[in-house]
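J.: Sequence:
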Amino acid sequence: MVFIEGPRQVGKTHLAKKLLKKNTWGRSYYLNWDYDEDREVILKRKWPIGKGMLVLDEIH
Numbered sequence: 001m002v003f004i005e006g007p008r009q010v011g012k013t014h015l016a017k018k019l020l021k022k023n024t025w026g027r028s029y030y031l032n033w034d035y036d037e038d039r040e041v042i043l044k045r046k047w048p049i050g051k052g053m054l055v056l057d058e059i060h
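Letter 2 of the sequence shown, counting from 1, is numbered 2 in the working numbering, and no numbers are missing.
Bear in mind the hints are in silico, worked out from the structure with no lab data behind them. Misleading hints may appear alongside valid ones.
Claimed, not checked - In the DSS-like style, the derived pairs of lysine-lysine whose C-alpha atoms are separated by at most 25 angstroms in a straight line are:
#1 46 - 21
#2 12 - 51
#3 21 - 51
#4 46 - 22
#5 17 - 46
#6 12 - 22
#7 12 - 46
#8 44 - 17
Claimed, not checked - Label-pair ranges, simulated between beta-carbon atoms:
#9 46 - 23: 18 to 24 angstroms
#10 3 - 39: 15 to 21 angstroms
#11 45 - 13: 17 to 23 angstroms
By construction, the Cβ of each residue, glycine as well, lies at the ideal position given by its N, Cα and C atoms.
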């Protein structure tokens with residue numbers, strides 16, 4: 001588990017999305033708390049399980 005934190009507008013989301021594109025461990029999933037549909041998935045913990053990378057963005 002890795003956490004990326006820092007001030008606003010410094011490129012945290014950009015870095016996370018770049019890492020997802022380079023992911024070689026399986027599937028990549030990006031969920032953003034600011035999007036209603038993604039928020040429901042996060043709250044219900046309904047993201048896919050298994051090998052891969054999951055990014056949860058804007059969790060604060």
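J.: Mind listing which of the numbered hints don't hold for this structure, in increasing order?
T.: Checked against the structure, no hint fails, so every one of them is satisfied.
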